[in-house]
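From first to last, the protein sequence lines stand for chains A and B.
If you count the first sequence from 1, position 234 lands on 234 in the numbering used here, and the numbers rise without skipping.
If you count the second sequence from 1, position 284 lands on 684 in the numbering used here, and the numbers rise without skipping.
Just to be clear, a hint being listed does not mean it is correct.
Chain B is faced by these chain A residues, among others (derived, beta-carbon under 10 angstroms) [stated by the list, open to error]:
| id | residue |
| --- | --- |
| 1 | Leu41 |
| 2 | Met72 |
| 3 | Pro74 |
| 4 | Val78 |
| 5 | Asp81 |
| 6 | Gly194 |
Hints in this document: simulated from the structure, not taken from any laboratory.
This structure is a prediction, so every number in the text was calculated from the model and none was measured.
Where is the CB? At the ideal position from N, CA and C, for every residue including glycine.
Take a look at the letters that make up each chain.
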Amino acid sequence: MKRRTLMHLAAAAVAIAAAAAPALAQDALRIGAVGPKTGPLAGGGAVTFWPNVQLWAADVNARGGINVGGTMRPVEIVEYDDQTNPGETIKAVQRLATEDQVDFILAPYSTGLNLAAAPIFDRFGYPMVTHTATTDKVAELSAQFPNMFFSLGGAQGIATGVVEVLTGLRDRGDIGNRVAMVNVADAFGIELAGAARPQLEAAGFEIVYETSYPLGTQDLSPIMKGAVAATPDAFVAWSYPPDTFALTEQAVIENLAVGAFFTAVGTSFPGYAGRFAAQAEGVLGVGGVHADGAAFQEYAARHEAVTGAKPDFWASAMTYSTFQVLEQAIEGAGTTDRAAVAQYIKDNAFETVIGTLDYDENNNNPAFWTVGQWQGGVFKGVASTGREGAVDVVVKPAWQ
Amino acid sequence: MTATEWRDLGLALVVLVVAAGLPFFGTPYYLTLGVTIAMYAVLATSWALFSGPTHYISLATAAFFGLGTYVTAVGIDHLPYWLLLPIAGVIGAVVAGLVGLATLRLSGVYFVIFTLGLAEFIRQVITWAQNLMGTRGLYVLTDLGEREIYWQLLGLAALVFLGGWLIGRSRLGFALRIIGDDEEVARHSGIDTARAKVMLFMVPGAVASITGAIIAPRYVYIEPALAFAPILSFTVVIMALLGGTGRLWGPLVGVIPFTFLTEWVARWFPNQSTLVMGLAFLVIVFLLPKGFVGLIDGARARARGAFA
Numbered sequence: 001m002k003r004r005t006l007m008h009l010a011a012a013a014v015a016i017a018a019a020a021a022p023a024l025a026q027d028a029l030r031i032g033a034v035g036p037k038t039g040p041l042a043g044g045g046a047v048t049f050w051p052n053v054q055l056w057a058a059d060v061n062a063r064g065g066i067n068v069g070g071t072m073r074p075v076e077i078v079e080y081d082d083q084t085n086p087g088e089t090i091k092a093v094q095r096l097a098t099e100d101q102v103d104f105i106l107a108p109y110s111t112g113l114n115l116a117a118a119p120i121f122d123r124f125g126y127p128m129v130t131h132t133a134t135t136d137k138v139a140e141l142s143a144q145f146p147n148m149f150f151s152l153g154g155a156q157g158i159a160t161g162v163v164e165v166l167t168g169l170r171d172r173g174d175i176g177n178r179v180a181m182v183n184v185a186d187a188f189g190i191e192l193a194g195a196a197r198p199q200l201e202a203a204g205f206e207i208v209y210e211t212s213y214p215l216g217t218q219d220l221s222p223i224m225k226g227a228v229a230a231t232p233d234a235f236v237a238w239s240y241p242p243d244t245f246a247l248t249e250q251a252v253i254e255n256l257a258v259g260a261f262f263t264a265v266g267t268s269f270p271g272y273a274g275r276f277a278a279q280a281e282g283v284l285g286v287g288g289v290h291a292d293g294a295a296f297q298e299y300a301a302r303h304e305a306v307t308g309a310k311p312d313f314w315a316s317a318m319t320y321s322t323f324q325v326l327e328q329a330i331e332g333a334g335t336t337d338r339a340a341v342a343q344y345i346k347d348n349a350f351e352t353v354i355g356t357l358d359y360d361e362n363n364n365n366p367a368f369w370t371v372g373q374w375q376g377g378v379f380k381g382v383a384s385t386g387r388e389g390a391v392d393v394v395v396k397p398a399w400q
Numbered sequence: 401m402t403a404t405e406w407r408d409l410g411l412a413l414v415v416l417v418v419a420a421g422l423p424f425f426g427t428p429y430y431l432t433l434g435v436t437i438a439m440y441a442v443l444a445t446s447w448a449l450f451s452g453p454t455h456y457i458s459l460a461t462a463a464f465f466g467l468g469t470y471v472t473a474v475g476i477d478h479l480p481y482w483l484l485l486p487i488a489g490v491i492g493a494v495v496a497g498l499v500g501l502a503t504l505r506l507s508g509v510y511f512v513i514f515t516l517g518l519a520e521f522i523r524q525v526i527t528w529a530q531n532l533m534g535t536r537g538l539y540v541l542t543d544l545g546e547r548e549i550y551w552q553l554l555g556l557a558a559l560v561f562l563g564g565w566l567i568g569r570s571r572l573g574f575a576l577r578i579i580g581d582d583e584e585v586a587r588h589s590g591i592d593t594a595r596a597k598v599m600l601f602m603v604p605g606a607v608a609s610i611t612g613a614i615i616a617p618r619y620v621y622i623e624p625a626l627a628f629a630p631i632l633s634f635t636v637v638i639m640a641l642l643g644g645t646g647r648l649w650g651p652l653v654g655v656i657p658f659t660f661l662t663e664w665v666a667r668w669f670p671n672q673s674t675l676v677m678g679l680a681f682l683v684i685v686f687l688l689p690k691g692f693v694g695l696i697d698g699a700r701a702r703a704r705g706a707f708a
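Chain B with its partners taken away, still in its complex shape:
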């Protein structure tokens, strides 16, 4: 590892420790916002791990997230809670793998449409199963408060960043960057493009599923309409694009301002929140086409130019 890498790792550790201290010095309100930020940071960063290099826009986040909430909701009465998180991860990865095998040979808009349909499909399957069994919403009554949920999400975020960093340095990461630039070239260089894409697609699948499993105790009551709400998939994409997918920390710089923006809109414009959010999207798309990462990199490049 180079000196810069050691520095970055140290910096990341400091940020993690400071973030973990939030429950001790913030009000409960900041902790609630902290849970929201940590949840979207995990989802958007893992989303960008796949969609960043490959340029495949996945709208399947809600599908995996909902799957995870159901793992906790069904399993909480039978298994210890800590066992449910890895189970959710494995189920999420397996489903993502199957979906990937079926769809990642498709490209562009077909993949987008399929992933959007996936959340609805899994939701209908669960509803059908519940219809056969005659049960409806499931209750998740635990002692886990926002503090415990926040720390779990923070731990998961650390894993995602570590995983993302390792993938970036691996042969797989290199292969994906080539695929993203030109899939034809990648195939001619002897890269098994389908295999590489499927393997990487399993990462956001597993992570979103674990996130759902962690969040389930916060929602207390799990029913399909709430667990598989499609808006989650869109929010994750918008946040990641606002930050920028070119760098590992890109989505994070989108998630934080976006969370505060939605909070500000919800507070001061409770009757026009959808309208104001729509205007905000337009501004983002027109003024920040490359996200904050583009803005920051541009400023750096200019600064270097000025000093050269």
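Chain A on its own, in the form it takes in the complex:
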């Protein structure tokens, strides 16, 4: 009796495993996708990464597939959760390469997880078009991993964009010289504060208040009280999504009177305008898109129709654009040969939803959005390193 039960259990397990295995379409192009579905970055992955994987696959298959040397091949996505753990990312990419033997793999999500996976992409020759890796070490990295491409820009470029926007406002006479700067004491915040400080000083700004707060700080009112007491003309926060929301809330409560209010990651989320409504008007944030462009608007409409959610106004479109680069390179090279596709990406420029993507000799996209601003309920790009469609920055109206 016992043995029979065990047999039944085993049979059931086998049946479940077989049912879970995706049916293999004969001519489908198999594409691997690894990203966080659980762990600390699951939230960001759910807004920026996974919906675009879904949208891209739907778009390609609606067209009948990718044209590989005259044959239309639909795409089939093989996806794994890396639990925001570099060890799991490595295992999952390895599994995709050798067990699933996928034709191509989409770049993972976030800087750390991309770099952990880079040696495996490199070993198997997969082109790796990253969308959410930000680094100032592009030259070293592309020398080590020749098929790795960088799209979103680095800290230096973003800091330069913010200083330019502030300088523009000051030269127009909209704001004075006094800047309050705060940062979250974690990876991104530390590097950007470090990059911005000398640039602000070189541009003639006076940093009247500067402090940092630990990641996960719940109560940011002391920070904002300190900033208010310093009576700055501009407020800059190198913040993560939770503190971006909390700092804005405190600025409203403490009625921080500034002509420029900048918060970093999360400002471009649709949820920011959803949360602050009219208060968001004039708020500056990292990123941006050519929001009035037909390409973005059409993309945003499809994104909402297919995934049920709005894209953010920064990395979402960039993520989708890198998938387009891969798609166009496969069609252009006319083959699934990875080396040929990687070479095609190096040699050509690509028309995507964020505009033309043309990687330089270091596999770097030199033209990226650095600063955007909420204007009339839309987060529009106001500064970039060479993107078209920037609108004029406006002075921040008083909190209502």
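Given the structure of chain A, go ahead and fit chain B onto it with the hints provided.
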């Protein structure tokens, strides 16, 4: 040494040689799993060296592991790589010693909570230091591939097993077994219990730190959130308990099936992996309270009973 001990030593050598050959006959996929197994084998076995006899549940593995990754990340540009591993070991041992002095007089749940907080504490200290210096993630760009990392971990595993075997035969090992059975009795027998515990706690501290230093080139990019992820501490405890801490090879028989189980779940249930792992934990706790070691010893005892 007795004949049985010679036999065990020979057996261990054969296993080591076979394991070292993995890069030559397996696919890269098996090598990746091999690195995972070797890493957890080292961590779980060294964890059990301390926690097995003393019954102190330490959740500090992530703290020492993260410390080690930072030794490599900071030092790689200034010192030869091979020097970094012993440095990581010494730093890990010293920190473990300090922590042990402060906490091993505590017992039970207080010790568990302190060790859990330790990873977060060291992470915050490193973040604070980085905030002062204005640097963020550190890059570890080397030529070390999975094969080299695997062999290093295997070598470390051999050292851990050798060390564990020697400790088991030493006065220190004997003292710890008495402490584990009854600390009062141990103290009355003239054993300096605090000293013995602190000394042994330094072993998993040093080993986890060296492991982190070896793994750092595999992660390429080191930042506090990834280096000090607390899940590592829990995984090590679960693996060691699944195997059983009563014997030196116990954690190993937990690590291997557990790695294949997580791999199977990750592959076939990518959207429900946390749920399925949770169910697996429940099954383990209910069906294998003493781990695989208990199961194997039970079967042996039954077999002996049947033949007697």
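The hints, checked one at a time:
For Leu41 (chain A), the interface hint holds, since its Cβ comes within 10 angstroms of a Cβ in chain B; the closest pair sits about 9 angstroms apart. Violation of the interface hint for Met72 (chain A) is found here, the shortest Cβ-Cβ separation to chain B being roughly 28 angstroms, above the 10 angstroms cut-off. Among the interface hints, the one on Pro74 (chain A) is violated; its C-beta lies about 20 angstroms from the nearest C-beta in chain B, farther than the 10 angstroms criterion. Of the supplied interface hints, the one on Val78 (chain A) holds, with its beta-carbon coming within about 9 angstroms of a beta-carbon of chain B, less than 10 angstroms.
Look at Asp81 (chain A): its Cβ gets to within about 5 angstroms of chain B, closer than 10 angstroms, so that hint holds up. At a threshold of 10 angstroms, the smallest CB-CB gap from Gly194 (chain A) to chain B is about 3 angstroms, leaving the interface hint in force.
Consistency with the previously given hints fails for numbers 2 and 3, ordered from lowest to highest.
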